[in-house]
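Peer 1: Anchor point for the sequence shown: position 12 equals 12 in the numbering used here, and the numbering is continuous, going up by one each time.
Hints were generated in silico from the structure; no laboratory data involved.
Heads up, a few of these hints could be off.
Said to hold, decoys possible - With a Cα cut of at most 20 Å, we get these calculated PhoX-like pairs of lysine-lysine:
hint	residue 1	residue 2
1	Lys13	Lys89
2	Lys11	Lys89
3	Lys84	Lys23
4	Lys84	Lys13
5	Lys72	Lys10
6	Lys71	Lys10
7	Lys102	Lys23
8	Lys71	Lys84
9	Lys22	Lys102
10	Lys22	Lys84
11	Lys11	Lys72
12	Lys22	Lys80
13	Lys23	Lys72
14	Lys84	Lys72
15	Lys7	Lys84
16	Lys102	Lys7
17	Lys89	Lys25
The structure displayed is predicted, hence computed values, not measured ones.
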Amino acid sequence: MLSNAAKFTKKGKITLQIDIEKKTKIRFDIIDTGIGMNEGQLNNVFEEFTQAESSTSKDYGGNGLGLPISKKMTEMMGGKMDVKSTEGKGTTFSITIPITVKGGEE
Numbered sequence: 001m002l003s004n005a006a007k008f009t010k011k012g013k014i015t016l017q018i019d020i021e022k023k024t025k026i027r028f029d030i031i032d033t034g035i036g037m038n039e040g041q042l043n044n045v046f047e048e049f050t051q052a053e054s055s056t057s058k059d060y061g062g063n064g065l066g067l068p069i070s071k072k073m074t075e076m077m078g079g080k081m082d083v084k085s086t087e088g089k090g091t092t093f094s095i096t097i098p099i100t101v102k103g104g105e106e
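Take these sequences, add in the hints, and give me the full structure.
Peer 2: Have a look at this one:
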């Protein structure tokens with residue numbers, strides 16, 4: 001996910017934010033100020049072998065499998081992956097996975 005953010009952010013910033021939600025979930029937010037996506041591109045972002053548009057593969061490389069595999073792995077762990085994006089401003093991918101906290105001090 002971070003390498004994907006780096007690939008599409010030539011200038012700007014990439015932030016990884018990690019939060020524990022109510023001791024039952026861990027949430028990872030990958031926030032970039034890259035090229036972003038429009039609504040049509042967002043609709044297909046988790047489709048296998050699909051790039052945002054035909055020039056994306058040529059300009060940035062990749063085969064369109066990284067995000068679908070990441071989403072599937074997240075779901076296999078009982079989690080969920082969301083995406084928000086604004087074309088020309090950047091993208092935020094959020095991954096939330098259930099966790100169990102055992103023992104330890106608070």
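Peer 1: Now tell me if each hint is right for this structure.
Peer 2: Hint by hint, here is what the structure shows:
With a CA separation close to 11 Å, the supplied pair Lys13 and Lys89 stays within the 20 Å bound. Restraint check: the Cα-Cα separation between Lys11 and Lys89 comes to about 11 Å, which is no more than 20 Å; the hinted pair holds. Between Lys84 and Lys23 the alpha-carbon distance is near 25 Å, which puts this suggested pair outside the 20 Å criterion. Proposed proximity of Lys84 and Lys13 is supported: the alpha carbons are some 16 Å apart, at most 20 Å.
Note on Lys72 and Lys10: the hinted pairing is violated, with a Cα-Cα distance of about 28 Å set against a maximum of 20 Å. For the hint linking Lys71 to Lys10, the alpha-carbon distance of about 24 Å lies beyond 20 Å, and the restraint is violated. Between Lys102 and Lys23 the alpha-carbon distance is near 10 Å, which keeps this suggested pair within the 20 Å criterion. Only pairs whose Cα atoms come within 20 Å are accepted, and Lys71 paired with Lys84 is accepted, the gap being roughly 14 Å.
Proximity of Lys22 to Lys102 is assessed by CA-CA distance (about 14 Å); at most 20 Å being required, the pair is judged to hold. Restraint check for Lys22 and Lys84: the C-alpha separation of about 23 Å exceeds 20 Å, so the hint is violated. For a cut-off of 20 Å, the pair hint linking Lys11 to Lys72 is broken: about 30 Å separates their Cα positions. Under the criterion of a C-alpha separation no larger than 20 Å, the hint pairing Lys22 with Lys80 is consistent with the structure, at around 16 Å.
For a cut-off of 20 Å, the pair hint linking Lys23 to Lys72 is broken: about 23 Å separates their Cα positions. A distance of roughly 18 Å separates the Cα atoms of Lys84 and Lys72; the hinted pair therefore holds under the 20 Å criterion. The hinted pair formed by Lys7 and Lys84 meets the criterion: a straight-line CA distance of about 17 Å does not exceed 20 Å. A threshold of 20 Å between alpha carbons decides the hint, and for Lys102 with Lys7 the separation of about 37 Å lies outside it, so the pair is violated.
Taken as a hint, the Lys89 and Lys25 pair is broken in the structure, with Cα atoms around 28 Å apart against an allowance of 20 Å.
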